[in-house]
Every structure is written in structure tokens, then in C-alpha cells.
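Student: Heads up: the protein sequence lines correspond to chains A and B, in order.
The letter at position 64 of the first sequence is residue 64 when you use the numbering used here, and the numbering goes up by one with no holes.
The letter at position 49 of the second sequence is residue 49 when you use the numbering used here, and the numbering goes up by one with no holes.
The reader is advised that the hints may include incorrect statements.
Below are the DSS-like pairs computed for lysine-lysine, each with C-alpha atoms no more than 25 Å apart in a straight line [to be verified]:
| id | chain 1 | residue 1 | chain 2 | residue 2 |
| --- | --- | --- | --- | --- |
| 1 | A | 58 | B | 56 |
| 2 | B | 179 | A | 64 |
| 3 | B | 179 | A | 506 |
| 4 | A | 14 | B | 179 |
| 5 | A | 505 | B | 3 |
| 6 | B | 101 | A | 8 |
| 7 | A | 64 | B | 56 |
| 8 | A | 11 | B | 179 |
| 9 | A | 505 | B | 164 |
| 10 | A | 58 | B | 3 |
| 11 | A | 199 | A | 182 |
| 12 | A | 58 | B | 179 |
| 13 | B | 53 | A | 64 |
Between beta-carbon pairs, the in silico distance windows are [said to hold, decoys possible]:
| id | chain 1 | residue 1 | chain 2 | residue 2 | range |
| --- | --- | --- | --- | --- | --- |
| 14 | B | 63 | A | 253 | 35 to 43 Å |
| 15 | A | 357 | B | 63 | 45 to 53 Å |
| 16 | A | 418 | B | 63 | 30 to 38 Å |
Partner residues aside, some chain A positions facing chain B, computed with beta carbon under 10 Å [unchecked claim]:
| id | residue |
| --- | --- |
| 17 | 5 |
| 18 | 261 |
| 19 | 263 |
| 20 | 434 |
| 21 | 471 |
To be clear, the hints were calculated from the coordinates, so they are not data collected in a lab.
In this text, a Cβ means the ideal position worked out from N, Cα and C, and glycines have one as well.
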Amino acid sequence: MHHVNQLKVAKVVKYILVAVAISILSFLAQSAFAQGEIEIALFLLVAIFGIGITYLTKVSIPLKFFLPGLLFLAAFALGPVLYTLVMSGFQYQTGNYISKDAAIERITLLGVEPDEAGTTFDVVVGRDASGDFAVLASDPFVTNQYFIASESELEPVDPAGLELDSDGIAQGGSGFKPLANKELRRVDQELTQIRFKYKGDYFLQLEGSDIAAVKRQKLEYLSDSDQFRNLIDGTLYSDNGLGNYANLENPDDVIQPGWRSPIWFSHYIDLFTDSKVRAPLVKVFIWTVIFASLTVLTQFALGLLVALAMNRPIWGRRIYRSIFILPYAMPSIMSILIWGGMFDTEFGAINNLFNSDVAWFQNANFARAAVIIVNLWLGFPYFYLVSSGALQAIPSELSEAAAIDGASGRQTFWRITLPLLLQVLSPLLVASFAFNFNNFNLIYLLTGGGPRNDLDGEIAGATDILISYTYRIAFGTNIQNLGLASAISVIIFIIVASISLYGIKKSKVLDSFK
Amino acid sequence: MKKWLRENLWRHVVGMTMVFFSLFPLYLVVISSINPSGSLQITSFIPREFSTKNFKMLFSDPTIPYLIWMRNTLVIAGLVALISVVIGASAAFAFSRLRFKGKRLGLQTLLLVQMFPAILAISALYVIMERVYNFAPFMGLGTQTGLILVYLGGAMGVNIWLLKGFVDSIPLELDEAAKVDGASPMQTYWLIFIPLAAPVLAVVALLSFIGTFNEFILARLFLVDMESRTIAVGLQGFIGGQYSQNWGPFAAGSIIASIPIVIIFLSLQRYIISGLTAGSVKG
């Protein structure tokens, strides 16, 4: 009886959870759709149907267990990976960030020029007699003109019927009602887009809430030929295929802003052929490989040395062990920041301890050494722990037999112990290499990738590894080039995947899948 | 005696050297935190004065919302740990205990996915969350909710993989018996498996907590407001490359923040080390 009740409760809970999940996702899908985020809306729809079918029917029992994890993986792991791939095929950077339609709209809006005299009027924003937005413009000093301009009409008015302030600037009257401050703030955005009628081609555009300038359209969009025409000198600007409208006779003459435009494999081609892109990348790549190799080598060597030293029940071994584990137990973020302070040139503890005067982070080689030293501190305990385990697993008969055969301790180590250890630990060495290949936190928090020559506009620093370099390209201070950064990310994906697959093959994990 | 020297002296030399190397930075932080001058400059490696000024500053200075950072970190890392284990456990159960088509392919895909650090797709995550912000500002770029979602997705692969490893080591007999008694997979999962796996789930949750605590760059990209930052982003911004200033309070702050993590880590040593040898590396 009790059991049946439990089942009922479980069912009710299930229906409630499914209903809540579906309502939230539907709400999001609807908002996404309304904002034109079609891809996201479609993904959410798929998720909604997936949840409905999986939990309200009996299609697949395993799927009931998988679906939540699967949806998260799809949305925030696989999705971004695919999106990176797509972005790498686009001109996607500062100045080429919006869609083409948005760019055309912006160019049209910004493609105006003031009249030759740069005429401006003092204005009050309000509504005219028919209730449309209008400006009441005053020029009490030069022409003594007053007029009300709406989008469609320009109507001169007699100052006699107006309320003038002490400077002679009209504040209202003649059927014109100024906007209250509250409404002014509310429609502020809208007002900046309105073109109030003026003479001929010219119109009035608000510059702030009480000044309007006389302007005329300079760039006109020709939707038939997808070009912009300069109305004044007749120059034509066409889509240059790189996300900008450019003057065909002078390709450097481009209109800003551009848009994110598909350029397919150009970023990849640049990576290998354009020396401005390739040279720093090769430099960074070489250091990345050196850094990851040196890290694994030094961490493993030191960890193994400590493990060998502790491989006998010597006095105080437990205390030693708990101390050696501490660097590994500390949150690495904190440790890296602490080391950063210790390497400070003027006041840092390292220079203080050795009574030296080294500018650690200003000199390329010292900065590289510092990075390796800090990483050694962070990582040797790991290799100490795994080497200790592996050493204990090596049967003592082997070294005893070698000793009987007359091998010295040193020979036994190099010929027997080390090869056996390497065989056991090589997957871990490979995994560690792959991890350090992308050890962003260490580089970013310790040296920031530097030293680099900022004055030359150099992006790649002496200690930058691929991932920190990519980050700087994507989110740096000058130009943020998300497209190129994505292309480099894809290359790193491929490298890391190859290394990891090699490691997995060695560790034979795949064979254990049944 | 001579034999002892020959066999053991070098062990202690290595041991003492490494004790110095391991402890030096930690010792330095401790003496910096109790040094009333708050400066990076150490006049003596033996503390002459003792002061709690740096610690007090963390809890009173309005420019360092330390407690808020701590709370943010606990909430974010705690929620990520909890949700990812709830979701991950069911997937791990299915991988470990159920038979279905495409299991091998699924495991291989999972293995590949869990190797990719989320940071590689950071440009894409940024743009995607920017787009999410357009229609749902409460969970897009710049919000803790958005960051939690990104963490959950990014850690899901690793967590399922780790959980599967642990779950595989739980003996099959009990759920086999339940199956014989006519229990459905759902019943086996909730009534037999979850109670059995509870300790393992707790371990994975704590590991996930440490992982999130140590995450820096996504948090830094997402959490711009001073008040919404995590402890890692907050403290990094606080010293911001200017080590000479703010060093004392930073030292105090990093000690308080590190102690719980070190305790969790040391108490989970056994599991972490076996997890490590299974091929995953702590972040």
C-alpha cells in the first residue's frame, strides 16, 4: 500500500517538474523568437519536444536518464564548439560586429552632412497643433525667424504669438505644446531618429534636447544594386565581400560600420600565408610547446625525485607527505597570485631572499623562467603522488634480481625502474601536457602573457601561450577579432584532440567500453 | 650509522629542500597577513609584530566587498556542484547500468567532449550569451545565472565521466537483485542506486565545487559588477597587478578563501588521487 502511494507521489512530482521545465523553456523560446534569435528559439523548441516526448511517453528509458545532461552539453559545450567553427568563417571583429541589415540602417542614419554654414537653431521639442512631434525653432539674433517644423511641414510663425524667454527664444504658443521633461526622457531615443522638415534637401536633426542642426543626406542606399551612393559627388560604394561597402576605385575608402560577413576560409589561409598573422602565431606556438614540455618534464622529474626519496619508511615520512601535498591542495588561483607578488622586482620575496635585483616580468627569459618555476611548485605534488603509487606497484623482485646480477642502484633505476614507470605513467604525462597546453590561468594571472612591446602594437607577448594569445585577440583592448580568434581556437581544438586521443589509445580506455 | 647516512641522508636533504620550497610561499602569505604595514616588502622573514588589521579591513572596507564575493562564490560553486551532480548522476547511471544502442559511441563522444576545456570556445560562449541577453536579460551575459548555466554545460562532460568511473566501482549485485524482483529502472535508480551512491555523489559534488572555485576567466568575462564577482575575480581585480599596494589585505583574503578548499581537498585526498590516476587533472 505504502509502496503504491510512493509511486503516485513520484508521478505527480514528475508531471510538475516536466510542466515547469516546459513552461520556462516555452517562455524563453517565445522571447527569443520575438527578438529574432531564431537559432536559439529553434534549439529551445527541440528541447521542449524532447522533454515532452521523453518523459510523457515510453519511447526510450535510457533517454529519460540522459536528456537533462544531453541538453546542457548540447547548449553549452557542443553548441559553442560548433558556433566557434561557424564564427571562424566570418569577418567578425570590432567594426564588423552587427548584421548587414543593421549596418545599412546605421550607415543611412549616420550618412548625413551639415550644410556649409553649419547652421543650428535653438529649439524646444514638443507637439504641433495636429499632435505630431515637432520642434519650435528660434533664431532671434541673425534672421529673427521663428518656425515650427514637424516631419512633414515647415511653418513660419509670427513671434508676436509666441512666449519668448529673456534671450528671445520661443518656449511655446501658436498651437505648439512643449513636451514635459518626463515624456522627453521617455521618447528621447525616438526623437534622435526624427528628421524635421527644413528647406530643400535639408532637414533638422536634434543634437541634444534644445539644439537642432541643419543637415542633408549624403549616403543613399540603392537596394536594387546593393550599393551606397554618395549623393554629393556620386561615388558608388559596393559590398567588398569582406563585410564593408567600399569605393571600387579606391578599396581603402570604406564606409563604417561594416557587418559580420562570411569569408569562409580566409582566416585559416591568413594563419598560414599572411606573415603579419603567421609570424606571431608561430612564435607563440613554439613557446606553447616548449612551455608544456618543460612543465611536464620538470614536474615529473621533481615529483619522481621526491617519490624516490620518500620510497623508504624514513623518519617523518607522513609529515613530509602532508607538507608536499599542500601546494596541490591550495586553490591554484590564489597560489598564482601569491607567486606574482613574490616575483615583484622591487619588493618581492624572491629578490629579497636572494638579495638580487631581477626584473622578472620585464625580461622575456626571466619571465619564462618564472612561469616554469611557479608551475613546478603547482604541479610537482601531483607527480609525486602518482609516482609514489606507481613505484609501490613495481615488484621488488625485479630490482633484487638486478642487484644479484651485479647492477648498481643507478643502473637499476635507469634500466628497470624508470622504463617501467614511464610505461605506467605515460598516459598521465600526455594528459598533463594537454592540460598545460591550455593552462590559461597560470599565464594570464602571473605574467599576463608579457612582457610585450605595446608601443609597437604587439599582441603576442613573450610568455603568451596559444590560448592566452587567442584570448587577447578576441577580448584585447584595441581591435577585438572574434573571427580570427575562433579560427585559432579551432586549430588548438585539433591539436589538443590529437594529443588526447593518442593518450587515450595508450591508456587503452577505449577497450574497456562494452 | 654510516650505512644509515649513506642510505637516508639524501632522502632527508631532498625532503627538507622540498619542505622549504613548498612552504615558502605559504609562510610568506601568513606573515604578510599579520604584518600591520600591509606592504609587500618584507623587512624580516621572522614576524616582529602581530596585527589583525588586514583581516579586519576585509570585513569593514567598502572598497573590498569581501563577504559578498565569498557569498557569490559559495552560491555559484554550490549550485553548480549540486545541479551538475543531480543531472550527471542519472546519465552516469545509464552509462554504467543500462544497455542500449549506441552506448559505445556515446561513451566515446563523452570522452572527447570532456577533454575540451570550455575556455577554447570562449568567443562563441561570449557571443551566444550576448544573444541570450537580448531576449532574456536575467540570464544572459553579465549575470550569475548565465555563468552558472555555462559552468553546468562546460563541466557536464567531466562530471558524467568522473561519476561513471566511480559508479562502475559500486557492486552490481544489489541492482541486479532489484531487477529480478521486478523493479523498473526508475525504481532501481531512486530506491537502490541513489542511497548506495550518495557518498560518491558527495565527493564528486565537492570536486566540482573546487573546480568552479578555481575557475577564473569565464567568471571574469561574465561578472563585471563589483558586487557580482566571485572571490577569484574580486581578489585578482583587487591587487590588479599592483602588488605593492593592497598586498596585506589580499594575503589575509586569500588565506580565508583557501582554508575551506584545502580542508575539502585533504579530506578527499584518497578519491582525488584515484580520480587523477584515471586520467583527469585538477584545474
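Student: Does each hint hold? Answer for all of them.
Tutor: Structure-based check of each hint:
1. Between the alpha carbons of residue 58/A and residue 56/B the distance comes to roughly 60 Å, so the proposed pair goes past 25 Å and is violated.
2. Annotation: proposed proximity of residue 179/B to residue 64/A holds, straight-line Cα distance about 18 Å (limit 25 Å).
3. For a cut-off of 25 Å, the pair hint linking residue 179/B to residue 506/A is broken: about 37 Å separates their Cα positions.
4. Of the supplied pair hints, the one linking residue 14/A and residue 179/B holds, its CA atoms being roughly 22 Å apart against a limit of 25 Å.
5. Distance restraint check for residue 505/A and residue 3/B: the Cα-Cα separation of roughly 45 Å exceeds the 25 Å cut-off, and the hinted pair is therefore not satisfied.
6. Distance hint between residue 101/B and residue 8/A is unfulfilled; the C-alpha atoms sit about 30 Å from each other, more than 25 Å.
7. With a C-alpha separation of about 51 Å, the suggested pair residue 64/A and residue 56/B falls outside the 25 Å cut-off, and the hint is violated.
8. Between residue 11/A and residue 179/B, the direct Cα distance comes to roughly 20 Å. Compliance with the 25 Å bound is thereby established for this hinted pair.
9. At roughly 19 Å between alpha-carbon atoms, residue 505/A and residue 164/B fall within 25 Å of each other, so this suggested pair holds.
10. Note on residue 58/A and residue 3/B: the hinted pairing is violated, with a Cα-Cα distance of about 74 Å set against a maximum of 25 Å.
11. Pair hint residue 199/A plus residue 182/A does not hold up; C-alpha atoms about 31 Å apart against a cutoff of 25 Å.
12. Proximity of residue 58/A to residue 179/B is assessed by CA-CA distance (about 18 Å); at most 25 Å being required, the pair is judged to hold.
13. Only pairs whose Cα atoms come within 25 Å are accepted, and residue 53/B paired with residue 64/A is rejected, the gap being roughly 55 Å.
14. With their beta carbons about 49 Å apart, residue 63/B and residue 253/A fall outside the hinted range of 35 to 43 Å.
15. The hinted window of 45 to 53 Å between residue 357/A and residue 63/B is violated, with their beta carbons roughly 32 Å apart.
16. Checked against the hint of 30 to 38 Å, the C-beta distance between residue 418/A and residue 63/B comes to roughly 54 Å, which is inconsistent with it.
17. Annotation: interface hint on residue 5/A violated; nearest CB of chain B at approximately 14 Å, more than 10 Å.
18. Interface restraint check: residue 261/A against chain B, minimum CB-CB distance 15 Å, threshold 10 Å, status violated.
19. Interface restraint check for residue 263/A: the shortest CB-CB distance to chain B comes to about 16 Å, outside 10 Å, so the restraint is violated.
20. Look at residue 434/A: its Cβ gets to within about 7 Å of chain B, closer than 10 Å, so that hint holds up.
21. Against a cut-off of 10 Å between C-beta atoms, the interface hint on residue 471/A holds, since the closest Cβ of chain B lies about 7 Å away.
Figure legend: structure checked against the earlier numbered hints; hints not met, in rising order: 1, 3, 5, 6, 7, 10, 11, 13, 14, 15, 16, 17, 18 and 19.
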